[in-house]
Every structure is written in structure tokens, then in C-alpha cells.
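K.L.:
In case you want the letters, here they are:
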Amino acid sequence: MHTTVHLLADVPPQMLPARSMMAFTLVTHIILVPLGVALPLITLIMHGYGLRRGDATALLLARRWSAVMAVQFAIGVVTGTVLSFEFGLLWPGMMGRWGDVFGLGFGVEGWGFFLEAVLIAIYLYGWRRLPSRTHFLLALPLPFTALLGAFGILAANSWMNTPRGFSLDSAGNPVAVNVRKAIFTPMFGPEYWHFVVAMFVTAGYVTAGVYAVGWLRGRRDRYHRLGFTIPFTLAAVFTPIQFMLGDSIARQVFHKQPVKFAAMEIVWKTDTHVPEYLFGRLHPDGTISGGIKIPQLDSILAGFRPDTKVTGLTSVAADDRPTATQATITHFAFDTMVGIGSLLLLLALWYGVMWLWRRRLPASPWFFRGAACAGVASVVAVECGWITTEVGRQPWIVYQYMRVAEAVTPTRAPALWTMFGLVIVVYVFVFGSFLVILLKMRTQWRLADEAATAERTAAAPETETPYGPRSTLRPGSAPGPSASGEDRP
Amino acid sequence: MTTAGLVALVLLLVIAAYACAGGTDYGAGFWDLTAGGAERGERPRWLIDHAMAPVWEVNNVWLIFVLVITWTGFPVFFQTVFAAMWLPLALAAVGIVLRGAGFALRKPARRLAGRRLYGAVFAISSLLTPFFLGAAAGGIASGRVAPGTAASPENWANPTSLLFGLLAVAMTAFLGAVFLAGDARRFSAPDLDGYFRRRALVAVAVVAVLAVIMLFVTHGDAPHVWHGLTHGVGLALVVLAAVASLATCGLLLRTADARWSRVAAVVAVASGIFAWGMAQRPYLVPVSLTVAEGAGAPTTLRWLMLVTLIAVVLVFPAVAFLYWLDTHGELESLTDADLRRGGAGDDA
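Going line by line, the protein sequences match chains A and B.
Residue 330 in my numbering is what sits at position 330 of the first sequence, and the numbering runs on without skipping anything.
To get my numbering, take the position in the second sequence, counting from 1, and add 1000.
It is possible that part of the hints are untrue.
Partner residues are not named here, just some residues of chain B that face chain A (Cβ under 7 Å, in silico) [as the list claims (entries may be wrong)]:
id: 1; residue: V1068
id: 2; residue: V1076
id: 3; residue: G1100
id: 4; residue: L1112
id: 5; residue: A1113
id: 6; residue: A1146
id: 7; residue: G1148
id: 8; residue: A1318
These are calculated hints, taken from the structure and not from any lab test.
Glycine is no exception: its CB is placed at the ideal position from the N, C-alpha and C atoms.
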């Protein structure tokens, strides 16, 4: 086993490429996660609404969202698999020593994810042939399986922040593992709910944003109103809840990971009456430049009183805490997240007030401009939240038990840089294609819609209709003579 | 049997499931690659698209289970393998991304150039991914890695690894062809039925040749596994794999029900995987790391068994239901008409 002292002396050169690669693959995967977790729920709400009211527009939206989900879920699956590989490829030291302590959460995630994959397949490919009720009912457990998958990931991440459920033997290896304690660590609850609600809010704003853009361009039909209202309402309802959850998790970090809190708020020395900085840079000598200083506020936010004592970065040795640069990154990410959250709260309030007073959507184009940006903004907020928790934990991979430097792969830096380059090329290709395909789908649908409105009179005999009577001929480019219906029950 | 042994058995079972389910998928990609030009290959590719679409994601989730059980149940083994087999595993991961993305993007892509590009990406990575995974397995089987081994090309570029990699590709091609032949009937394309039956027979012949070569190569290169494969349970499983392969050939030649040739092919591949696993006993990595030495904390292993049990109760019926729906033609992707306004399903 390596000795900590030896590793402190020189940070291995493969740290930077390993870190960069992990960061890059996570940043990109995270873009897809909100849709993976929450798009099924949003689609099901739309679907249920359509079925209940017999609303063809709602059903059309649900079908189109399914088509998007099919591509998005596939790319989410493969980029997620890469992350599992990276535990071994980049951080074998962590898995080798701690795998049996905190790995079990991933087992739960594994079968949650398995169920989700099965149900999504049935949902996406069940539109045409399953009876409408059966199809809808089979998809109902989908949101719960998504929550189960998130459970596993968040259990593992919160364990890295507040590791519990083991004791160390004389050689420094974990023994006497208590799985229940290792899963339900102090940070688990706050992280889990903050994350799950963030996914709902983000997916809601992203989806609604598409229709807000259409609205701004003058397409103000029922299709756009419905496509905007349902996801936006969901997101708007969850936004104030998220605000409170975010406030609560920050206070949990203050209690459970005081040094991370110090980095988030760039607090140098442990003190009372600590001021709050909006942005601003921390320098290695403890001075702060730039930013807006609000006296006393940090202490008040942390403990509701100006004389609350806030732990500073200097409370621990320099190599046990984030560097000044890392603290500044954490602080910027945290402030950006809070800032975006506050703006989204205003937008949600605007919407809520309009609904309660006037029973209609706000008319101002500024509202729709805001809504169009809300999707991107909330994705940025999710990224910032992740940066806050990961960079704020440095230099630890397992908080106070294992340094990132001890976990990193022995593979040499040039090999890692080369692989990182390859990964960037592959991801740019994959995500670029994904975006192009999405935009093309949107254009096609819009053109088809315009054509349909133009010649509404000419009712062409369509091929098979979902939920309609089954014909014996297969649609599309079926090869050869088709005589199906053979061994169908 | 100890808990660790039981977990090792579960791991082997999941690897076999991945080899069969994921293997069928990779095999479909292999035949996509070899289907010829855009015109000649249009119909086989059409079938591959339609047969794979509803189930390929589920087929590949087995791999996540393999990883999770390995790092939770045998953390040292996980660390050892990933440190020593860095390059093939990294390339396999890249292959998985390209493959999934290529397949998912090919369908909605409109223009022929786009479909060609995504199709080529999908097909080539379907070939490379199983090869690299097989090569990594070969490095383990030949005992080239031990706890602390640094990554080096020798770990996975050696006779056993090369053969394992080729065998993995041949097995996926075999499974893919057998399953696609069945799908061809389901999609009422009798000519493609014969097309894939012929290819399945070629693939099984290649598998047989590679298996025989492997017996010679492992004799010197991986003695522990060779001994296991030629004695006791390992031998019995090898014989079972051979019998099942022959049975598959017989069923493919007679125009029998596709269901039985599929069962026989799955039995052949699964018993091949089990033969390898059993031949390694009692080692995770012959001859440096035993199952008992590599096992994680006993509490965790018991919990892992519990999680596995719940998975069996919850996931298996769900997966079986999906496969049932799929083979009964209940799953079909949305068409353009379904996504058009005033089109299908709308009467407003």
C-alpha cells in the first residue's frame, strides 16, 4: 500500500489528464441526465392528459417526445457506461480499497437502471401495437425506476463526501463494513432530494424552452401552448421547493463538511460575523479581490445569527484543503448556481402569479424570452452544482480518507492525454450529431405541421394508426410480400 | 460453497448473460458491417435495424452489472484488471459509445451519407468492442496480470488474448446470425432467413476452428485454464458447448422452428463462458489471486447476494416480458406518420 507521505511529495503527472477526462465525460453526460430522469415523467403527464381528454395534440406531443427520448436515452446509456469504466480506468485505487464499502449503491442503481431500460423500450416501441391503456399503464413505473437509479449514484457520491460505515485496521484498510451506514450517510438525504428536484426543474425548463422559442417566433397555436404549459408548470412548481432544498443542503455542508463550505464561500480564517462575497477571487495569501462584499451575511446564512462561527480554510493544513484556485472555482460555481436559481424563482413566481390572478399565460415577450433561456440556464446550474460538490471536496476523493492522488491510475500521462484526445473527438462527434438530429427532427415536424395546416381538406388515407385497428400490412419500407399475424396471440 | 464463491458464480452468470444478450447485438453489428454496399446490404440492414432497436439497450445493461458486481464483490480484482488492461478496456469503452450512438443516430438520419457514416461507425465498433473485451479476458485467463501488474501491451497482445478476442467476435457473429435468422421469419422475409442461416453455419465453423486452436495454444500459454478445460466440470461444459453447437447446426440445416436454434446457440455460448470460468477455479486470476483472496468484506457480499436476489425477482420477469413482447411482434418503432400532425391517431 502506498504511504500518504510519499504521495504528498509529488503529485503524479497522470492526475491532470485523469481529472480532465473524468470532468469532461461527466460534464457531457450530465447534460443528458435531467432528460433521462425526468423526461419520462413529463411525457407521461402529457400522455395521460391526452388520453383522458381525448386530446390529439397532447398525444402527438407525447409521441414526438418519445421519439426524442429514444435517441437521448441511447446516448445517455453509452456515456453512462463510460463513467462506469472510468472508475477502473482512472481511479482503480479508490475502487480497489473502497469498492466493497460503497459499491453496493451502484448495485441498486444497476437494477433500477435495468428496469428503466426495459420499461422505456416497452414504452417507446409500444405506441403502435399495444392497447392504449396497457401501453400507458406499463409506463407508469418509469419515473420511479429513474428515482431508484438516482438513489444508487447519489448514495455513492454522498459517501465520498461523508464516508461512514467502516473502521480501519492497522494497515489502513477498511474492515467491519456496515452497508446500511455506508449508504445512508449524512449527506445522502440532502444530496438526493436536491439532485432529483434539480432534474425535474431542468428537464421541465429545457422542454418548455423549445416551445417558448416557437411562441416568440409567432407560432401561438394550441400545440405550442400545451407543449409549453405542462413542462413549465412542473418546473415552476418545483423551483421554490428546490430553492429551499438548496438552502438546506448548503447548511448541511456547513455542518458536515465545513472546509468545503469555506471554499464555497471563500472564508479564509475561522471567525464570527463573516461577510458574504458575491463572486470575487481568493488568492493563496488569503486576500480576496473583486466581488461584492456583504457584511455579516455569510454568518447569518449559515446559522441565522451574525455571531455564528464559520470554519475557515486555514483551519486545516494547506495540503488537506482545496487550493486558492480550487476554492475560487468552487465559489464561482456555487454563486452562479445560486444566482441562476434566484432568477428561475422570479420567473416561476411571475408565471404563478399570472395563473392565480388572471388564469392565463403571461403575455409579455420578456417572460417567454426568460423561459427560452431557462432551459440552458438550469443545465448550467446543474453543472455548477456538480462542480461545487466535486471541486470543493479536493484534495480528497474519499473525504479525509483517500486523496485523489492515491486513487489515480498508474497508467502514464501521455497515454491518458492521448485517450483524452480520442474521447474528445468521439464525444464532439456524438453530441454534435445528436444536436443536428434533434434540430432536423424539429424542422421536419414543423414543415410537416405547416403542410398539414395548408391542406387540411385533403385527408390522405394514412397507414396504421397507433391505437387504431391493426391492419395486416406492415408500414414503411417492409421488404417483400408481408403476411404477418402468423403466431400472434 | 462460501459466499465469495456464490458471488463469483453470480458474476460468471452475468458475464454469460452479457455474452449472450450483448453478443447477439454485437453480432448484428458484425453482419451489418459485412452486408455489402448500400444497395445490396439494404435489406439485411433493414432487418438488423428493426430486430435490434427495441432490445439493444437492455442487452447492454448486463455489462453495467458485470462492472458493479466486480468492484463491489471483488474490489482488488477490479483494480488489478483495470490497471493492467488499461488500453483494451479504454478502447472497448470508446467502442461502446460509438456503437450505441451510431446505431441510435442512424435511424433518424435522413440522407444516405449520414446513414452510411453512422452505420459504419456502428458496425466497425461492433467488431472492435468484443475483440478488446475478449483480449482482456484472455489476459486474465493466461495469468498475465497479477495484483500490482502495470499496464503493458504484453498483457493483452499475446496468443491467448488474440484468440480470446477472435473467438469473442466469432461467437457474437454466430449468435447474431442465429437470432437474425429467426427475426427474418418474424418479419416475413424468408430470403433473409436463408441468408442468415448460411452465415450462422459459417460462423459456427469458425468458432469450432478457433476453439480447437485455442486448446493447443492454452496448453503452453495458459496451463491452468487448459487443465481446467480438459478435466472435470470444465471438460463437461466444453462437451456441452460442442454438442449444443452441433445441435444448432442441425436445427439450422433442417428448417426447424427458430426458437430451438436460438436456445441451442445460447446454451453453446453460455456453456463456453462457464467452461472458462470453471476452468479458472479457484482463481479470479490464475494463479495469483483466488476468489477468497479477492473477495470484499463479508457483510457486503451478503448484501450483494440480497441485491442480486431482488434483481432476480424484479428484473428477470421484466426482461422476460420485454423479450416476449419483442418476439411476438408487439414492439415497433414510431413511423413518420405517427409524428405528423393531423396524421395518425388524430381526429381533431
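K.L.:
I'd like to know which numbered hints this structure contradicts. Please list them from smallest to largest.
P.N.:
4, 5, 6 and 7
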